[in-house]
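Q: Position 78 of the sequence shown, counted from 1, bears residue number 590 in the working numbering, the numbering being contiguous throughout.
No wet-lab data here; the hints were simulated from the structure.
Wrong hints could be hidden among the right ones.
[As the list claims (entries may be wrong)] Just the calculated beta-carbon pair ranges, DEER-fashion:
(1) V520 - L620: 44 to 52 angstroms
(2) Q588 - A548: 16 to 24 angstroms
(3) T606 - V566: 57 to 65 angstroms
(4) V579 - A601: 51 to 59 angstroms
(5) S540 - A595: 38 to 46 angstroms
(6) G528 - I609: 16 to 24 angstroms
(7) V579 - M558: 19 to 27 angstroms
Every residue gets a Cβ at the ideal spot worked out from N, C-alpha and C, and that includes glycine.
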Amino acid sequence: MSAGNPIVDVTPPMVGLSAATEAGIAASQGGSAAAAAAALLGVLPMGADPTSEVFADALRAAGAAYVGAITEHAVQRGMFAGAQGLAGAVFETTESIRATTAAISTAL
Numbered sequence: 513m514s515a516g517n518p519i520v521d522v523t524p525p526m527v528g529l530s531a532a533t534e535a536g537i538a539a540s541q542g543g544s545a546a547a548a549a550a551a552l553l554g555v556l557p558m559g560a561d562p563t564s565e566v567f568a569d570a571l572r573a574a575g576a577a578y579v580g581a582i583t584e585h586a587v588q589r590g591m592f593a594g595a596q597g598l599a600g601a602v603f604e605t606t607e608s609i610r611a612t613t614a615a616i617s618t619a620l
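Whole structure, please, built from the sequences with the hints as guidance.
A: Take a look at the structure:
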């Protein structure tokens, strides 16, 4: 490996595009979860009997579990997008410093 070549081959604009895609998916998932929350959490009993109430409670609990899971997934995906964006920027900066250092050491 020569001093002028990077150790790994990363294309920061592609990493940035991937990060933007992940951020878009996270936003879409968050929006979908918010839109569905009322239907999933607002289940009404089918009748006035105890069985209908218990069934409605079970459906609300399942809806709450789903909303919690999809919200957590959207947050994690958003954090992953942020980490990708940061990694691309760090790589670009590091490679710029490395190339400058290599050029200086070659000139000396």
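Q: Mind checking the hinted window 57 to 65 angstroms against the Cβ distance between T606 and V566?
A: Between T606 and V566, where Cβ atoms are some 59 angstroms apart, the hint holds.
Q: Falls inside 38 to 46 angstroms, the C-beta gap from S540 to A595?
A: 19 angstroms, violated
Q: Quick check on a hinted range of 51 to 59 angstroms for V579 and A601, using CB atoms only.
A: 33 angstroms, violated
Q: Could you say whether the range 16 to 24 angstroms given as a hint is met by the Cβ separation of G528 and I609?
A: Since G528 and I609 have Cβ atoms about 19 angstroms apart, the given range 16 to 24 angstroms holds.
Q: Look at the Cβ atoms of V579 and M558 and judge whether their distance stays inside 19 to 27 angstroms.
A: At roughly 22 angstroms between Cβ atoms, M558 and V579 fall inside 19 to 27 angstroms, so the hint holds.
Q: Range hint 16 to 24 angstroms: satisfied by the CB atoms of Q588 and A548?
A: Given range 16 to 24 angstroms: holds, Cβ gap about 19 angstroms.
Q: Could you check the hint for me, namely that V520 and L620 are 44 to 52 angstroms apart, CB to CB?
A: 26 angstroms, violated
Checked against the numbered hints above, the structure violates hints 1, 4 and 5; every other hint is satisfied.
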